[in-house]
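Student: Here are the chains, one letter per residue:
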Amino acid sequence: MRITVGKGSCGIAAGALEIFELLKSGASEKQLDCPVTATGCVGMCYLEPIVNIIEDDGFVRTYVKVNAEAAGEILKSAAGEQNRAEEYAIADEDAAGLKSQSRVALKNCGIINPESIDEYLAQDGYAAARKCIGEMTPERVIEEVKISGIGGRGGAGFPTWFKWNAARASAGEKKYVICNADEGDPGAFMDRALIEGDPHAVIEGMLIAAYAIGSDEGVVYVRAEYPLAIERLEKAIGQAKERGFLGKNIFGGGFSFNLRIKAGAGAFVCGEETALIASLEGERGMPRLKPPFPAQKGFWGKPSNINNVETYANIPWIMRNGGAAFSAMGTESSKGTKVFALTGKIAKGGLVEAPMGGSIREVIFGVGGGIKDGKAFKAVQMGGPSGGCIPAELSDTLIDYRALAETGAIMGSGGMVVMDETTCMVDMARFFLDFTCRESCGKCVHCRIGTRRMLEIMERICDGKGADGDIEQLTGLADEIKNGALCALGQTAPNPVLTTLRYFKNEYEDHIYRKKCTAHACKALLSYEIDAERCTGCTLCARKCPADAISGERKLPHKIDMNKCIKCGKCAEVCRFDAVAID
Amino acid sequence: MECKCQTEMIPKFADAAIDISPLLPVLEAYSGVQGSLITVLQKAQELYGYLPADLLAYIARRLGVAPAKVMGVVSFYTQFRTKPAGKHLILICQGTACHVNGSAEIERAVREYLGVEEGEISKDGLFSYNNVACLGCCSLSPVMMIGDKTYGALTGKSVAKILKEIEKEEAE
Numbered sequence: 001m002r003i004t005v006g007k008g009s010c011g012i013a014a015g016a017l018e019i020f021e022l023l024k025s026g027a028s029e030k031q032l033d034c035p036v037t038a039t040g041c042v043g044m045c046y047l048e049p050i051v052n053i054i055e056d057d058g059f060v061r062t063y064v065k066v067n068a069e070a071a072g073e074i075l076k077s078a079a080g081e082q083n084r085a086e087e088y089a090i091a092d093e094d095a096a097g098l099k100s101q102s103r104v105a106l107k108n109c110g111i112i113n114p115e116s117i118d119e120y121l122a123q124d125g126y127a128a129a130r131k132c133i134g135e136m137t138p139e140r141v142i143e144e145v146k147i148s149g150i151g152g153r154g155g156a157g158f159p160t161w162f163k164w165n166a167a168r169a170s171a172g173e174k175k176y177v178i179c180n181a182d183e184g185d186p187g188a189f190m191d192r193a194l195i196e197g198d199p200h201a202v203i204e205g206m207l208i209a210a211y212a213i214g215s216d217e218g219v220v221y222v223r224a225e226y227p228l229a230i231e232r233l234e235k236a237i238g239q240a241k242e243r244g245f246l247g248k249n250i251f252g253g254g255f256s257f258n259l260r261i262k263a264g265a266g267a268f269v270c271g272e273e274t275a276l277i278a279s280l281e282g283e284r285g286m287p288r289l290k291p292p293f294p295a296q297k298g299f300w301g302k303p304s305n306i307n308n309v310e311t312y313a314n315i316p317w318i319m320r321n322g323g324a325a326f327s328a329m330g331t332e333s334s335k336g337t338k339v340f341a342l343t344g345k346i347a348k349g350g351l352v353e354a355p356m357g358g359s360i361r362e363v364i365f366g367v368g369g370g371i372k373d374g375k376a377f378k379a380v381q382m383g384g385p386s387g388g389c390i391p392a393e394l395s396d397t398l399i400d401y402r403a404l405a406e407t408g409a410i411m412g413s414g415g416m417v418v419m420d421e422t423t424c425m426v427d428m429a430r431f432f433l434d435f436t437c438r439e440s441c442g443k444c445v446h447c448r449i450g451t452r453r454m455l456e457i458m459e460r461i462c463d464g465k466g467a468d469g470d471i472e473q474l475t476g477l478a479d480e481i482k483n484g485a486l487c488a489l490g491q492t493a494p495n496p497v498l499t500t501l502r503y504f505k506n507e508y509e510d511h512i513y514r515k516k517c518t519a520h521a522c523k524a525l526l527s528y529e530i531d532a533e534r535c536t537g538c539t540l541c542a543r544k545c546p547a548d549a550i551s552g553e554r555k556l557p558h559k560i561d562m563n564k565c566i567k568c569g570k571c572a573e574v575c576r577f578d579a580v581a582i583d
Numbered sequence: 001m002e003c004k005c006q007t008e009m010i011p012k013f014a015d016a017a018i019d020i021s022p023l024l025p026v027l028e029a030y031s032g033v034q035g036s037l038i039t040v041l042q043k044a045q046e047l048y049g050y051l052p053a054d055l056l057a058y059i060a061r062r063l064g065v066a067p068a069k070v071m072g073v074v075s076f077y078t079q080f081r082t083k084p085a086g087k088h089l090i091l092i093c094q095g096t097a098c099h100v101n102g103s104a105e106i107e108r109a110v111r112e113y114l115g116v117e118e119g120e121i122s123k124d125g126l127f128s129y130n131n132v133a134c135l136g137c138c139s140l141s142p143v144m145m146i147g148d149k150t151y152g153a154l155t156g157k158s159v160a161k162i163l164k165e166i167e168k169e170e171a172e
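Quick mapping for you: the protein sequence lines, in order, are chains D and U. Oh and the first sequence: position 376 is 376 in the working numbering, straight run, nothing missing. Oh and the second sequence: position 85 is 85 in the working numbering, straight run, nothing missing.
In case anyone wonders, no lab produced these hints; they're calculated from the structure. Any given hint could be a false lead.
[Unchecked claim] Computed from the model, here is a short list of chain D residues facing chain U with C-beta under 8 Å:
no.	residue
1	9
2	58
3	260
4	261
5	267
6	341
7	347
8	574
Built from N, CA and C at the ideal position, the CB exists for glycine as well.
Given these sequences and hints, build the entire structure.
Tutor: Below, the structure written as structure tokens:
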């Protein structure tokens, strides 16, 4: 028997480290023959900290939202003493949600100890690399990737085999394999969870890619904001070197490959491959014109293959099970499975892996458990700042590169931020524009200045200073930026505005012409009024009001002076009688 | 006037507290390595907590690149600071999920508690805060990070409690 504790970043933030220590010390106190080990994130972030008791026959009991008391009960259960651990057992519905997923990239996440190469090896780890290097020609490896139909999981879905083939075909002795782990999309964390939960899968995928294109050197470019991912990956690389999976003459086949980590320094644009290369070279991460593509001229001018973390993590599975098994899942235009990060106003936030081709509704209302606090589903933002908002009425849209593109959104890296009736779509679009505007590298005028102009208009609208003609100006600017920017960051920056204009134009008009924010999110557009019937004259709001805008006698209804009111909402927040009406 | 940028750039730091010696092994290790500027800057910031202008000029000279280029890189990436941070640096996540779940309120709570604006150090020198793009803990939003520790599912109240806790630890 052994006990595992989910120690991904999400688990740790929920208190997994303390639980881990409690279980460890408790197990030794009770003299249990039961090692306590860590695993990565299983994806059910809303249930963290998660603890498993795994029997020798493989039977698993899962406990969720484990606190100190629960840890004690779990230990009693492990020791065969009378206990109340059952109270913390995972609900059948949640367990079924996990079972219903098709796990390829996340296969080992939350199952194995990411810091133990032996546990990875026990799951057929490095068998795929051994098979490729020992038995297959590089061409044959690329052919298998082609059969799988896998497309780049970072966003664009570009056929992976094509990139590999192009890098292989490029002339030159020196070639590089690069892993893009600069997961910058706000609202996406699949790459973090993958590296934290199963770093060897990423290493093995890169190793296979290196063999296929003929490279002897690889770099993983990881965001500096992911210290735990960097630490686990470092450890994994060290272990792989020790066992001879990295280094010289791997598997005795004369093939050599070395891998190192480069920590990013915080720039969203570095997710763009040419910007990433510039950053790897120690420069400002600014994209350059393609062609030449990185496969021809990349890192230090040498042919380089760049794939996303999730793409590499899928490769070992594809090589073990065959490309056909992968392409059997998904749709005609989108093969295999995809990992999604479900966040925002969702009941069960976390990571989900499902075959392509399911509907948005299935993901949000199935595994995702619907909307938090029983509110109404309004829209889902897919593809981060480059993507768009898909409204509730289109939630039967299939998750497929083509079908999503038709809505104006994109698959992106798989972030799904769910919004409910309290989310203002105009504010949402402003938020994304603010992000891309700040993250614009400044190279292209359209992106640098165009996004700034659009942002100014959006800010004005949210501030209640919108004017007739603003919508036309926004669409005009959006069009120019799409056409005038060099890289995907600029070309897609207007998407959040365009999609919200397409599906939620009424909200823009409410803001501009009626000076109303129906979601009650844009503070400048709100007005506060005290309901005389409900107000008991407790004076709390008057005392808390930072602008001294509330007056009234004790035990008599109070009044807000709207000329003084700064619309901070403090009165509504502190009122115990629900007497402050917001419009 | 003759160009003196090569000759006058000996470490003559305005801030006498800056001791160059811990950085020397780093510069030694990376002096011949192509493309190592970002790594050197990251290590320097780790050592000094921020990147003072004098230090940047010194790094430029040692690596043999123009000071303007060093400054260009420093100003490009959000990780680099040219002003000192508080002993505990608070990173408030402003990612999409956190935004939807009220990160603006979290920032307000931190700002009011510390009584400083973004990037400034609190009076006791213990804290400073910065807004950052996604920290990748979206399912726990709103989130902030202090040091290596991530705090999730925050409210204005829990923020104050967390900061108070750290103050208490510091006082002991």
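Student: With a cut-off of 8 Å on the beta carbons, see whether residue 58 of chain D makes it to chain U.
Tutor: violated, 28 Å
Student: Can we keep the residue 574 of chain D interface hint, with Cβ of chain U closer than 8 Å?
Tutor: Interface hint status for residue 574 of chain D: violated (12 Å vs cutoff 8 Å).
Student: Can you verify the interface hint for residue 9 of chain D: is its Cβ closer than 8 Å to any Cβ in chain U?
Tutor: Holds. Min distance 6 Å.
Student: Mind checking the CB of residue 347 of chain D against every CB in chain U and telling me if the closest is under 8 Å?
Tutor: Where the cut-off is 8 Å and the nearest Cβ of chain U is about 11 Å from residue 347 of chain D, the hint is violated.
Student: Interface hint check: residue 341 of chain D, Cβ to nearest Cβ on chain U, cutoff 8 Å. Holds or violated?
Tutor: Constraint on residue 341 of chain D satisfied, holds at 6 Å.
Student: Once the shortest beta carbon distance from residue 267 of chain D to chain U is found, is it less than 8 Å?
Tutor: At 5 Å from the nearest chain U Cβ, residue 267 of chain D passes the 8 Å test, so the hint holds.
Student: Holds or violated: residue 260 of chain D as interface residue toward chain U, Cβ cutoff 8 Å?
Tutor: violated, 11 Å
Student: Can you verify the interface hint for residue 261 of chain D: is its Cβ closer than 8 Å to any Cβ in chain U?
Tutor: Nearest chain U Cβ about 11 Å off; hint violated.
Going through the hint list in order, the structure does not satisfy hints 2, 3, 4, 7, 8.
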